[in-house]
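Chemist: Sequence:
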Amino acid sequence: MVNIKPLEDRIVVKAVEAEQTTASGLVIPDTAKEKPQEGEVVAVGPGRFNEDGDERVPMDIKVGDKVIYSKYGGTEVKYGGQELLILSARDVLAIVER
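3 is the number of the first residue of the sequence shown in our numbering; add one for each residue after it.
Just so you know, these hints were derived from the structure itself, not from any lab. Here the structure is a predicted model, which means the values were calculated and not measured. A hint or two may mislead.
Label-pair restraints from in silico Cβ distances [as the list claims (entries may be wrong)]:
(1) Glu53 to Ala96: 22 to 28 Å
(2) Asn52 to Gly83: 33 to 39 Å
(3) Ser26 to Asn5: 39 to 45 Å
(4) Glu85 to Glu10: 30 to 36 Å
(5) Ile6 to Ser26: 22 to 28 Å
(6) Arg100 to Asp56: 34 to 40 Å
(7) Lys7 to Glu85: 16 to 22 Å
(8) Asp56 to Glu99: 29 to 35 Å
All C-beta atoms, glycine included, are put in the ideal place defined by N, C-alpha and C.
Full structure from sequences and hints, please.
Modeler: In structure tokens form, the structure reads like this:
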């Protein structure tokens with residue numbers, strides 16, 4: 003479990019590891035791998051306040067969701083030996099349903 007509590011409409015995502023081999027079996031070096039855009043949500047903030055500032059807008063994302071997010075969105079952090087990404091809920095493009 004992660005002991006990070008994001009603020010407002012931010013979420014903490016653990017990125018999914020990129021494929022290390024191609025379909026034909028070639029190994030892809032770290033320098034050629036693309037930055038991942040898919041991950042699992044490990045923490046969710048309480049939501050941002052509405053324009054009047056009197057109540058919170060509920061979050062569409064919950065812990066455990068698999069999400070696809072903007073390629074260059076968020077801030078990468080290393081916490082407890084894990085590489086995590088803190089990003090705004092607006093940077094999430096889709097929830098993956100399987």
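Chemist: Which of the listed hints are broken here?
Modeler: 4 and 5
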